[in-house]
Amino acid sequence: MLERLYNGIIKENPTFVLMLGMCPTMAVTTSGVNAIGMGLSTTVVLVLSNIVISMLRKIIPSEVRIPAFIVVIASFVTVVQMLMQGYMPDLYAALGIYIPLIVVNCIILGRAESWAYKNGVVSSAFDGLGMGLGFTFGITCIGLLREFIGAGTLFSVRILPEAYEGATIFIMAPGAFIVLAFLVALRNKIMSKKPAVEMGCSARCDACVGCDGMKRSGV
Amino acid sequence: MENNLKVSASPHIRSNNSTSKIMMTVAIGLLPACIFGVWFFGLRALLLLVISCATCVITEHLGQKILGRESTIEDFSAVVTGLLLGMNLPPAAPLWIPVVGGVFAIFVVKLLFGGLGQNIMNPALAARAFLVISFTRHMTDFSTDTLSGATPLMRLKSGESVDTFNMVIGRCAGCIGETSVIAIMIGAIILIMAGIIDLKIPGTYIISFALFYIIFSGHGLDPYYLVAQISGGGLMLGAFFMATDYVTCPITERGKLIYGVFLGVLTGIFRVFGASAEGVSYAIITGNLIVPLIDRFTMSKAFGYGGERS
Numbered sequence: 018m019l020e021r022l023y024n025g026i027i028k029e030n031p032t033f034v035l036m037l038g039m040c041p042t043m044a045v046t047t048s049g050v051n052a053i054g055m056g057l058s059t060t061v062v063l064v065l066s067n068i069v070i071s072m073l074r075k076i077i078p079s080e081v082r083i084p085a086f087i088v089v090i091a092s093f094v095t096v097v098q099m100l101m102q103g104y105m106p107d108l109y110a111a112l113g114i115y116i117p118l119i120v121v122n123c124i125i126l127g128r129a130e131s132w133a134y135k136n137g138v139v140s141s142a143f144d145g146l147g148m149g150l151g152f153t154f155g156i157t158c159i160g161l162l163r164e165f166i167g168a169g170t171l172f173s174v175r176i177l178p179e180a181y182e183g184a185t186i187f188i189m190a191p192g193a194f195i196v197l198a199f200l201v202a203l204r205n206k207i208m209s210k211k212p213a214v215e216m217g218c219s220a221r222c223d224a225c226v227g228c229d230g231m232k233r234s235g236v
Numbered sequence: 429m430e431n432n433l434k435v436s437a438s439p440h441i442r443s444n445n446s447t448s449k450i451m452m453t454v455a456i457g458l459l460p461a462c463i464f465g466v467w468f469f470g471l472r473a474l475l476l477l478v479i480s481c482a483t484c485v486i487t488e489h490l491g492q493k494i495l496g497r498e499s500t501i502e503d504f505s506a507v508v509t510g511l512l513l514g515m516n517l518p519p520a521a522p523l524w525i526p527v528v529g530g531v532f533a534i535f536v537v538k539l540l541f542g543g544l545g546q547n548i549m550n551p552a553l554a555a556r557a558f559l560v561i562s563f564t565r566h567m568t569d570f571s572t573d574t575l576s577g578a579t580p581l582m583r584l585k586s587g588e589s590v591d592t593f594n595m596v597i598g599r600c601a602g603c604i605g606e607t608s609v610i611a612i613m614i615g616a617i618i619l620i621m622a623g624i625i626d627l628k629i630p631g632t633y634i635i636s637f638a639l640f641y642i643i644f645s646g647h648g649l650d651p652y653y654l655v656a657q658i659s660g661g662g663l664m665l666g667a668f669f670m671a672t673d674y675v676t677c678p679i680t681e682r683g684k685l686i687y688g689v690f691l692g693v694l695t696g697i698f699r700v701f702g703a704s705a706e707g708v709s710y711a712i713i714t715g716n717l718i719v720p721l722i723d724r725f726t727m728s729k730a731f732g733y734g735g736e737r738s
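Heads up: the sequence lines are chains A and B, in that order. Mind the numbering: the first sequence is residues 18 to 236 in the working numbering, read in order. Mind the numbering: the second sequence is residues 429 to 738 in the working numbering, read in order.
Keep in mind that the hints were calculated from the coordinates and are not lab data. Watch out, some of these pointers could steer you wrong.
[Unchecked claim] The following label-pair restraints were derived from C-beta to C-beta distances: (1) Arg599(B) - Val121(A): 52 to 62 Å; (2) Phe199(A) - His489(B): 16 to 26 Å; (3) Cys123(A) - Leu649(B): 52 to 62 Å; (4) His489(B) - Lys206(A): 15 to 25 Å; (5) Val478(B) - Cys123(A): 42 to 52 Å.
[Stated by the list, open to error] Chain A side only, calculated, beta carbon under 7 Å to chain B, not exhaustive: (6) Ala184; (7) Thr185; (8) Ile188.
Cβ atoms here follow ideal geometry from the backbone N, Cα and C, with glycine treated the same way.
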């Protein structure tokens, strides 16, 4: 089961490796609080929907499985949305339309399709937990960095002196892309044990056969 | 006799040109506008230019060290980027602005995309856009000790009158290197004489912008507005020095014409219909992004390809 958690948080981190759920990743990571709220509510939905779909996997015919998944996911999203509206109205207002949009978050549908529909209940629950925590970790990193560079605060606590002028671009959409790119690069740098095999020209120009040559020799 | 028959591998025609020579010439071409900016706006402008250049060169050196590449600061491209970035700053900008901009231009826009020749946008302009979005207050404040804040284009946008004679000479509010049409033209003539740039891109850019302005602005052929629009803002500097950047402009001759027209129309749209008075830098950045497409569609066919099959 730990393997599932490791897989979700590090090996197949939905934000940095699978590149899933990019819509909330870009949109709600303007601050650490928003990001962690989004991540945790997605995690709750993910775990619950994975459990239910895994339990129903023998009953749901494979022809109509996608609509069935959506119904299950949408039910849980509605529950989360109402709970959040009732108990955390500030966060609810900040996340806005992105809460109902958890329904179509591709991580949730992706895990239902690729894991919960084929595996047991416990394994699916841990898969959902791992993926959810991985997503939360990923977008919270992005949110904190954007908040720090853009406003000089972390979780709304001022770290840098008042005189620091935030680079507004990091609060806006381009900043999300820049931060995401840097974090993905960092993760690849840390995780890659050997350099990726390079296609194309090596340093030896005399040995170069060109792209056609490579295709011919079946590389 | 034997020696005459030896054949070397191609290329057979060699030019003495090199990246560093071209970049040095471009830097020289930028000098008149820089000198005018320093003369008109004072020593603070010089300080901004120097900081900007120094940041770019140091970033290039350190950045290439970090990325494990050979340092290429001797090719002068970082100096040109630094000069262009500095010339695109308002004279009253805080001194840390060129530092932030220089690091962004060289490290993020240039080195991370693979260094000189690989960057998809003009580094100086991308950094300018970054700065304008991030620090809007500093980047749009053009007031100095002797000038009120509004640039001629802002005044035109809000319906005030401008002095076109002073705009051509350059005695008006604006970024350090963009105000003087005359100084920019001197630099441009140096570059054209040296064969570094030709008139294809700047010519089509300015003409198509003028045509767009005549048709859509509602002022028609009024020379007052036309002269003010062409000599105001960054159009001249952008057309001659930034749109013609070798890395980010099309390589085909037909492509250059298409690119120039695209920039002219885009600048026209931004200036006439947009919310802000200026649009040259965004137009050129957007143009940079479609350059690979333009190149692909205007690439000439190799001899023997194409045509009807018999």
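Results of checking the hints against the structure:
Between arginine 599(B) and valine 121(A) the Cβ separation comes to about 58 Å, which falls inside the hinted range of 52 to 62 Å. Taken as a hint, the range 16 to 26 Å holds for the pair phenylalanine 199(A) and histidine 489(B), whose Cβ atoms sit roughly 21 Å apart. Range check, cysteine 123(A) to leucine 649(B): about 55 Å between beta-carbon atoms, so the 52 to 62 Å window is met. Separated by about 21 Å at the C-beta atoms, histidine 489(B) and lysine 206(A) satisfy the suggested range of 15 to 25 Å.
One distance hint, 42 to 52 Å for the beta-carbon pair valine 478(B) and cysteine 123(A), holds here, with the actual separation near 50 Å. The closest approach between the C-beta of alanine 184(A) and any C-beta of chain B is roughly 4 Å, which is under the 7 Å cut-off, so the hint is satisfied. The beta carbon of threonine 185(A) is positioned within 7 Å of a beta carbon in chain B (closest approach about 5 Å), and the interface hint is therefore held. For isoleucine 188(A), the interface hint is violated, since its Cβ never comes within 7 Å of a Cβ in chain B; the closest pair sits about 9 Å apart.
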